[in-house]
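Asks: The task is simple: from the sequences and hints, build the whole structure.
2 protein chains.
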Amino acid sequence: MSQENSLFNIGVVERETGIGKDTLRVWERRYGFPAPVRDQNEERLYPGEQVDRLRLIKRLLDIGMRPVKVVGLSLPELNALLNEAPKNDPGYSPELFEFVELIKAHQGGALRIALNLALFRQGLPEFLSKTISPLNQLVGEAWLRGEIRVFEEHLYSEQVTSVLRAAIASIRNPAGTPRVLLTTLPGEEHSLGLLMAEATLSLSGAQCTMLGVQTPIGEIVLAAQAHQADIVALSFTLSMPPLQIKSGLQQLRQALPRQVALWAGGSGVARQRKPEDGVQYLGALSDLTEALDLLRQG
Amino acid sequence: MSQENSLFNIGVVERETGIGKDTLRVWERRYGFPAPVRDQNEERLYPGEQVDRLRLIKRLLDIGMRPVKVVGLSLPELNALLNEAPKNDPGYSPELFEFVELIKAHQGGALRIALNLALFRQGLPEFLSKTISPLNQLVGEAWLRGEIRVFEEHLYSEQVTSVLRAAIASIRNPAGTPRVLLTTLPGEEHSLGLLMAEATLSLSGAQCTMLGVQTPIGEIVLAAQAHQADIVALSFTLSMPPLQIKSGLQQLRQALPRQVALWAGGSGVARQRKPEDGVQYLGALSDLTEALDLLRQG
DNA sequence: TCATGATTATGTCCTAGACAAATTTGACTT
DNA sequence: AAGTCAAATTTGTCTAGGACATAATCATGA
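Those protein sequences? They're chains H and G, same order as listed. Heads up: the first sequence is residues 1 to 298, going by our numbering. Heads up: the second sequence is residues 1 to 298, going by our numbering.
The hints are simulated quantities; they were obtained by calculation from the structure and are not laboratory data. All values derive from a computational prediction rather than experimental measurement. Any given hint might turn out to be false.
Chain copies aren't distinguished; within one or between two, either way the pair holds.
Stated by the list, open to error - Computed cross-link-like contacts, DSSO-like style, restricted to lysine-lysine with a CA-CA straight-line distance of at most 27 angstroms: (1) Lys21 - Lys58; (2) Lys21 - Lys246; (3) Lys104 - Lys58; (4) Lys21 - Lys130; (5) Lys69 - Lys104; (6) Lys21 - Lys104; (7) Lys69 - Lys58; (8) Lys130 - Lys69.
Replies: This is how it looks when you write it as structure tokens:
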């Protein structure tokens, strides 16, 4: 792997893995992993190899595994577990693997061109549902298997962002209805889902106001008021802890006026067990246009 | 203000303000602020008003004030302090205030159009140095004075991002030299600085690979290798703690091959006291083109 | 006026315990 | 076999209060 010799303190590990300090310490106590060395001051120093393992563990937890089953397993054991795991292979189209090959070959420019070709061949809705969505999943799975690295995922995200932003710029509708405010809650730093939603909604004639990621709850309320938004749309990835999603949606729903609809989408909300009252959960992008039609009729 | 009645637990406050849990607790012990109420379980609950104050305090610390001077002051006292503070007013051009007015009026579309006009009137380098850079500062100061809100800043960032990304898309040079890898370290989540750098470098004929924000240090090293980068360029805002910047640059410099240059820019690095060995600090965007020319000659 | 050493300020880390909420387990019923 | 409910377990996050390295400020002397 990388940085075999490097040592990281607990703050750096928290930032690099997204696992909180408290959690890192309590895992060590309960499961015996991670097992950092100590400096002269009895402070934890995590070897780079363990940080890599923690990143993998984080992703496994994100897809639903339980800590007691995965924290503490060695890398070979983790990989064995991955191969055993039920593969819900939705039969990826061969074209998708070509994109993955471009990522692995670090051909950022070629990747963007190929994505653009697919966009204009398929049209935006199909491009999002048949190419980008499954490709996101495929890339995530390839990362789990160790086939692609974090920086390669970053490269991929960047190219998709570039393509989607260009598309949105050309279909934006400043006078559309309803008015939709797009953002994420603090803690959710991924914007790809938002861009996909903005593209879909804009194409359906809605007027989108993008606020970017991590808007404080109180500010979302003010923004909805200022823009007279009919809908506040939030996006959640798997990296967002389910509890934070739940309480965030509760707080926001309570603070938002009744007549403003609250929509939540992304892989993070698919996990939510009990739906919140007054929050519309959107599992797929197609649900977005449906919900939009419904709202326009009602 | 907003959310007068809402109560937030310490985890939410950490995420919403960017101030760590440990820091929040130790401030309470030392300065008597924040002064959260407790729930039935003796856990801290911060009133929304105090969260707003904490956000302001965070920004004041970011611009160089000391905790003992600002943590614990009431809102009126903080505002008084702001008015006393030496105004290093660089004589903002009147045009800039028109942009601010558009932000205050929540005219996102008009703002983007106005920015685009300025871009094509001034040309990219002048647009960045004479419009975007001072406007960023102006917006930040207006926030400090309570004239604009967080969500309005988000709106502004989004429009600038949109304009810059469109510009970059049209001047990108896939065969340029040198090769530059652009990203931020974990903890730095702002990408505007990166986009400004990418625009500047692309215009100067460099080949830019954007990795987005928050790439782990080990992954930056691998990415530099994969792309045969000549330069790794990082961006830091004021919200990034100086200590994290310092140690991050040290670690990265150590892990990166000698022949790969490491450039660091943004308002966050202007604060750094002692420069790191082997790291080029770029205070302004103009330094970027200079450094590029120098590197091409040498 | 500038450098140098002493002092204070500051963020981050430590241990060890606790608890609410979520999930799993297991018994029981339909 | 499948559903329901309560008990048991798991899990993340919070608490207190102490400690220390390093940065910033202050005081002293050249």
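Asks: So, for every hint listed, does it hold in this structure?
Replies: Consistency of the hints with the structure:
no.	hint	verdict
1	Lys21 - Lys58	both (14 angstroms within a copy, 21 angstroms between copies)
2	Lys21 - Lys246	both (22 angstroms within a copy, 21 angstroms between copies)
3	Lys104 - Lys58	within (22 angstroms within a copy, 41 angstroms between copies)
4	Lys21 - Lys130	neither (39 angstroms within a copy, 42 angstroms between copies)
5	Lys69 - Lys104	neither (30 angstroms within a copy, 52 angstroms between copies)
6	Lys21 - Lys104	neither (33 angstroms within a copy, 39 angstroms between copies)
7	Lys69 - Lys58	within (12 angstroms within a copy, 40 angstroms between copies)
8	Lys130 - Lys69	neither (33 angstroms within a copy, 56 angstroms between copies)
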